[in-house]
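Enquirer: With the hints as your guide, set chains B, C and D onto chain A.
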Amino acid sequence: MGPRPDGKLVSLREAISRFVPDGATVVMGTCLESLIPFAAGHEIIRQGRRDLTLVGPISDVLFDQLIGAGCVARVVAAWVGNVSAGLGHAYRRATEQGVPRPVEVQDTSNFAVALALMAGALGVPYLPTRSLLGSDVPRQLEAFRLFEDPWTGEPLLLVRAIQPDVAILAVQRSDPEGNAHLWGNLGVTEEAALASRHVVLLAEEVVDPSVIRSDPNRVLLPGFKVSAVVHCPGGCHPSPVPGYYRRDHAFYEEYHRATRTEEGFREWLRTWVLELPDRQAYLQRLGARWDALRQLQPAPAAPVDYAW
Amino acid sequence: MGPRPDGKLVSLREAISRFVPDGATVVMGTCLESLIPFAAGHEIIRQGRRDLTLVGPISDVLFDQLIGAGCVARVVAAWVGNVSAGLGHAYRRATEQGVPRPVEVQDTSNFAVALALMAGALGVPYLPTRSLLGSDVPRQLEAFRLFEDPWTGEPLLLVRAIQPDVAILAVQRSDPEGNAHLWGNLGVTEEAALASRHVVLLAEEVVDPSVIRSDPNRVLLPGFKVSAVVHCPGGCHPSPVPGYYRRDHAFYEEYHRATRTEEGFREWLRTWVLELPDRQAYLQRLGARWDALRQLQPAPAAPVDYAW
Amino acid sequence: MVRDVADWSVGELMVVAASREIRDGEVVFVGMRLPLLAYCVAKRLHAPRSVGIFENGIVRDVPTPQLLYTMSDTPNIVGAVWCTRMANVMGLLQRGDVDVGFIGGAQVDRFGNVNSSYIGDPHHPQVKLPGSGGAADIASLAKRLVVILPHGRHRLVQRVDFRTSPGYGDGPGWRQRVGLPRGGPSAIITDRAVFRFDPQTCEAVLHHWHPRQSLQEVVENTGWPVRVADGASPTPEPSAEELRVLREYDPEGVWTGNRNRADR
Amino acid sequence: MVRDVADWSVGELMVVAASREIRDGEVVFVGMRLPLLAYCVAKRLHAPRSVGIFENGIVRDVPTPQLLYTMSDTPNIVGAVWCTRMANVMGLLQRGDVDVGFIGGAQVDRFGNVNSSYIGDPHHPQVKLPGSGGAADIASLAKRLVVILPHGRHRLVQRVDFRTSPGYGDGPGWRQRVGLPRGGPSAIITDRAVFRFDPQTCEAVLHHWHPRQSLQEVVENTGWPVRVADGASPTPEPSAEELRVLREYDPEGVWTGNRNRADR
Numbered sequence: 001m002g003p004r005p006d007g008k009l010v011s012l013r014e015a016i017s018r019f020v021p022d023g024a025t026v027v028m029g030t031c032l033e034s035l036i037p038f039a040a041g042h043e044i045i046r047q048g049r050r051d052l053t054l055v056g057p058i059s060d061v062l063f064d065q066l067i068g069a070g071c072v073a074r075v076v077a078a079w080v081g082n083v084s085a086g087l088g089h090a091y092r093r094a095t096e097q098g099v100p101r102p103v104e105v106q107d108t109s110n111f112a113v114a115l116a117l118m119a120g121a122l123g124v125p126y127l128p129t130r131s132l133l134g135s136d137v138p139r140q141l142e143a144f145r146l147f148e149d150p151w152t153g154e155p156l157l158l159v160r161a162i163q164p165d166v167a168i169l170a171v172q173r174s175d176p177e178g179n180a181h182l183w184g185n186l187g188v189t190e191e192a193a194l195a196s197r198h199v200v201l202l203a204e205e206v207v208d209p210s211v212i213r214s215d216p217n218r219v220l221l222p223g224f225k226v227s228a229v230v231h232c233p234g235g236c237h238p239s240p241v242p243g244y245y246r247r248d249h250a251f252y253e254e255y256h257r258a259t260r261t262e263e264g265f266r267e268w269l270r271t272w273v274l275e276l277p278d279r280q281a282y283l284q285r286l287g288a289r290w291d292a293l294r295q296l297q298p299a300p301a302a303p304v305d306y307a308w
Numbered sequence: 001m002g003p004r005p006d007g008k009l010v011s012l013r014e015a016i017s018r019f020v021p022d023g024a025t026v027v028m029g030t031c032l033e034s035l036i037p038f039a040a041g042h043e044i045i046r047q048g049r050r051d052l053t054l055v056g057p058i059s060d061v062l063f064d065q066l067i068g069a070g071c072v073a074r075v076v077a078a079w080v081g082n083v084s085a086g087l088g089h090a091y092r093r094a095t096e097q098g099v100p101r102p103v104e105v106q107d108t109s110n111f112a113v114a115l116a117l118m119a120g121a122l123g124v125p126y127l128p129t130r131s132l133l134g135s136d137v138p139r140q141l142e143a144f145r146l147f148e149d150p151w152t153g154e155p156l157l158l159v160r161a162i163q164p165d166v167a168i169l170a171v172q173r174s175d176p177e178g179n180a181h182l183w184g185n186l187g188v189t190e191e192a193a194l195a196s197r198h199v200v201l202l203a204e205e206v207v208d209p210s211v212i213r214s215d216p217n218r219v220l221l222p223g224f225k226v227s228a229v230v231h232c233p234g235g236c237h238p239s240p241v242p243g244y245y246r247r248d249h250a251f252y253e254e255y256h257r258a259t260r261t262e263e264g265f266r267e268w269l270r271t272w273v274l275e276l277p278d279r280q281a282y283l284q285r286l287g288a289r290w291d292a293l294r295q296l297q298p299a300p301a302a303p304v305d306y307a308w
Numbered sequence: 001m002v003r004d005v006a007d008w009s010v011g012e013l014m015v016v017a018a019s020r021e022i023r024d025g026e027v028v029f030v031g032m033r034l035p036l037l038a039y040c041v042a043k044r045l046h047a048p049r050s051v052g053i054f055e056n057g058i059v060r061d062v063p064t065p066q067l068l069y070t071m072s073d074t075p076n077i078v079g080a081v082w083c084t085r086m087a088n089v090m091g092l093l094q095r096g097d098v099d100v101g102f103i104g105g106a107q108v109d110r111f112g113n114v115n116s117s118y119i120g121d122p123h124h125p126q127v128k129l130p131g132s133g134g135a136a137d138i139a140s141l142a143k144r145l146v147v148i149l150p151h152g153r154h155r156l157v158q159r160v161d162f163r164t165s166p167g168y169g170d171g172p173g174w175r176q177r178v179g180l181p182r183g184g185p186s187a188i189i190t191d192r193a194v195f196r197f198d199p200q201t202c203e204a205v206l207h208h209w210h211p212r213q214s215l216q217e218v219v220e221n222t223g224w225p226v227r228v229a230d231g232a233s234p235t236p237e238p239s240a241e242e243l244r245v246l247r248e249y250d251p252e253g254v255w256t257g258n259r260n261r262a263d264r
Numbered sequence: 001m002v003r004d005v006a007d008w009s010v011g012e013l014m015v016v017a018a019s020r021e022i023r024d025g026e027v028v029f030v031g032m033r034l035p036l037l038a039y040c041v042a043k044r045l046h047a048p049r050s051v052g053i054f055e056n057g058i059v060r061d062v063p064t065p066q067l068l069y070t071m072s073d074t075p076n077i078v079g080a081v082w083c084t085r086m087a088n089v090m091g092l093l094q095r096g097d098v099d100v101g102f103i104g105g106a107q108v109d110r111f112g113n114v115n116s117s118y119i120g121d122p123h124h125p126q127v128k129l130p131g132s133g134g135a136a137d138i139a140s141l142a143k144r145l146v147v148i149l150p151h152g153r154h155r156l157v158q159r160v161d162f163r164t165s166p167g168y169g170d171g172p173g174w175r176q177r178v179g180l181p182r183g184g185p186s187a188i189i190t191d192r193a194v195f196r197f198d199p200q201t202c203e204a205v206l207h208h209w210h211p212r213q214s215l216q217e218v219v220e221n222t223g224w225p226v227r228v229a230d231g232a233s234p235t236p237e238p239s240a241e242e243l244r245v246l247r248e249y250d251p252e253g254v255w256t257g258n259r260n261r262a263d264r
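Chains as they are written, first to last, in this note's numbering: chain A, 1 to 308; chain B, 1 to 308; chain C, 1 to 264; chain D, 1 to 264.
Isolated chain A (complex conformation) (with noise of 0.2 Å):
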């Protein structure tokens, strides 16, 4: 694998339709609850995906919203709900009635997620860890395996290593190859990046090669390994993304709100996703509101020289 010949600049919804096939295993929702690309999981219930397994430590409101949809087949997630809102009413829905189709759930936590990652970014089959010992979490076989430490004879859980088919991730900034600027809390982003068989990355701005040459080491992972770049601001709302908007919690107390049942779930599909051709409509829906999550107090990074 090297540097593709063609462009790898492309619309969301070509990128969703080249790299996100039915019954892949999808990553996303790394950074924990900001830089989630919401845009993306909008444009695969847009394109009506099938038999998705979905894999983060938390997800926010995505999953709830991919799986409502009826996307989705299974989780590897270690906790799926509305952070600030509350639980996931789409979650409960699929996990306890089967509606609108019934969803396994692989339990793990955020370290064994984190691990899991880890591991397949290593190219190793396993990671082990002194966490879950005990717990009723690590029930999978096919995920975790208990063993003893050679040296010591001491007990250990041993994780699984996940490869994704693909992750998708939100970038401040990126260039048209995927070498891409990356800041804030981290989560399991680079680990899902390195892991995955392909990236597709939604960028704030797309910017000069020469912008991310400048700083390497706030590169997220270099760009032989993304196989798409998706100029889409705004892709990341309700979540926030650092330097370029806050997060709109009333949005994600609305959505609690509204999706109580399958059909306030149904309509809010409609209102905000279905009916909707992209992201910019969805920006223009938001009207004033986006406007108000975009007036923010700047915090700029201390100059750093590569001087040589």
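In short, the hints are calculated from the structure, not lab data. Some clues are possibly wrong.
[What the hints assert, rightly or not] For each label pair, taking beta carbons as the anchor points, the in silico distance ranges come out as:
id, chain 1, residue 1, chain 2, residue 2, range
1, C, 173, A, 296, 51 to 57 Å
2, D, 205, B, 102, 41 to 47 Å
3, D, 213, B, 48, 52 to 58 Å
A virtual CB, placed ideally from N, CA and C, is assigned to each residue, including glycine.
Expert: Showing chains B, C and D alone in chain A's frame:
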């Protein structure tokens, strides 16, 4: 463990005296050929420390010097020598002839050093790898074990964790509490810092905490894990520090020529270490050559804003 | 909205009780909501040198400039001393560098095991809860664990339906037997009481019951036969100073129950 | 110093031969000295979209602005696309993302096993060499391996004194048996010849001998009975273009043997 009430900003002499006792396991040279804390190695030699175990991927000539000065009982390193000029004469004299004292060598590889320190940082007894299978390198059972992947039965090598007593690490800038910025190739620096019981930082500059906090993604590790901060400009010569000074290639060549014989090594040590009270005197001895190495071409990083 | 000191809410009392679990200089694995507020109160008052760690990869030692709704809100990054990968902060936890962690949950039993996964049979659950998040990791690896949850007979149960976050398992010696390297619960803080754990039997023992109710009410609302500690007493009320600091940070009581929120 | 095209040094020939092992678009684990020069030549001429990875944590896809003495020299960072931890680039290698890696060594045997650790008995070594560095990792994990070393009967030996970097072990099936996930040597480039490996027998087979000497001299200076490939031929000389690019980068011949250096 929490922040220490007393000040961490101390002289190099005090830092070495307090945190590098005889017999300690010390990790240094973690960026590979850059940011090597030579000043700390020289202070260790001046204080006559004995029976150290040195850990590092490669160290350019730092480990050679410590071995030649008789400070070292054991080396856990993937490569010891003089990167641009050739082999390390003191290392060969010690390993082949026991001069000035025998040194035990634990064979390893760069990746295995990284994994051992990563295991130490993660607090697990080992990490698995597919590297070195079939190699004679992992001979020592206290550091390596062959094992099978419990899911597939495939062979794996387990690399045992290392948690050094102290990591001596150079950084571009630190605040007085040890919150520090490091940029350039990172090597195994993060893993070494997190794995070690104590961390001693050699900082080119000591800056106000606000400088470090303005860019928390560039921080090496949080200050509560740091035991001592030493303001030590030029502390890495002849190795380079991005943004501060270039590598002094000729100095390695000169060291190589000067240390062919044991007498030559003794003479070199007198001139550059034993006769000098501290790093400032060393830089004065370098003279105009030191000024020349600091004539750099600027390469500023693109601005980043953590606006919120 | 300026409120009277005597007018503290039960949520505020819980936050203050939790804050008192943090000692100066400690490294604290901070959860969201009440634990976050507890960390802010402790930091401002009796634990100025404590350090807060968030599982998304943030380490900070000054309070945030604004109330947080999630740990990844942008104000949590400003002034942080480290923004990094989750694996690094979980590594600190696993190494044993974290003194105390806070978690919530739907059920806890008398050995401090916590369930945040399933109500009923895990294979055919009556309720599917959101899951562990990082709670199981914190419960496994922190030196001390504080559990915070609403009180009730279906919450404080004889035996949890699913052991998401390990407490003392089935009693003395269990953590060592399963291989947990350290730790275990040190307190349960509810909206009725504070329990601590007997080091011999590993059982939760009632130490404080909150004002405005009786010890008897606590006992009746607990799903196991309550052992009451010698010298058990009403929970000390929040001081004016504690309430002032807490209300500076959360003036509208978003997380302390003054703002009404259903189905948590 | 402008040198004539016909005036190429053996070092230059080795660099050019090594550069031809890199195909366009490939991910290359670059060693120092000759392999670094080879990567620069390939990048400028026939492999413009190749990517270079350095074990100190640098990934770059444009040549450095200056000759490097070590991979951590400051000019290697400028223009890089990634500066990261060694574990990340070794992870790429272990995952199978690296197409070709270059290593040196003191000894190689006919199955491509390389020794850079000990000469003589490893327990009482006659010579203690610097060690693996990253060579054993690259040999274990890259899809293809190119070994570069000086030619001699004590260098190209029947059996290495110590197998630092695994080649094909004792022959067919060995890598799979010991659990190596892929790879193996594809070429040995010396200052006298180029060997490739027979996919059936895993043995090094002579494909090219360098100009200015005879096939016979190569055979006599090799420590194993040399198998010569059908159609073996003199190594193609460096082109004017190749030499121009190489000399732009290393005008003084620091790494190509024009500058005299002892005891490497």
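Enquirer: A separate judgement is required for each hint: does it hold in the structure or not?
Expert: A quick look at each hint next to the structure:
1. Residue 173 of chain C and residue 296 of chain A have their C-beta atoms about 53 Å apart, which keeps the hinted 51 to 57 Å range intact.
2. Here the CB-CB span from residue 205 of chain D to residue 102 of chain B is close to 43 Å, well matched to the stated 41 to 47 Å.
3. Here the CB-CB span from residue 213 of chain D to residue 48 of chain B is close to 54 Å, well matched to the stated 52 to 58 Å.
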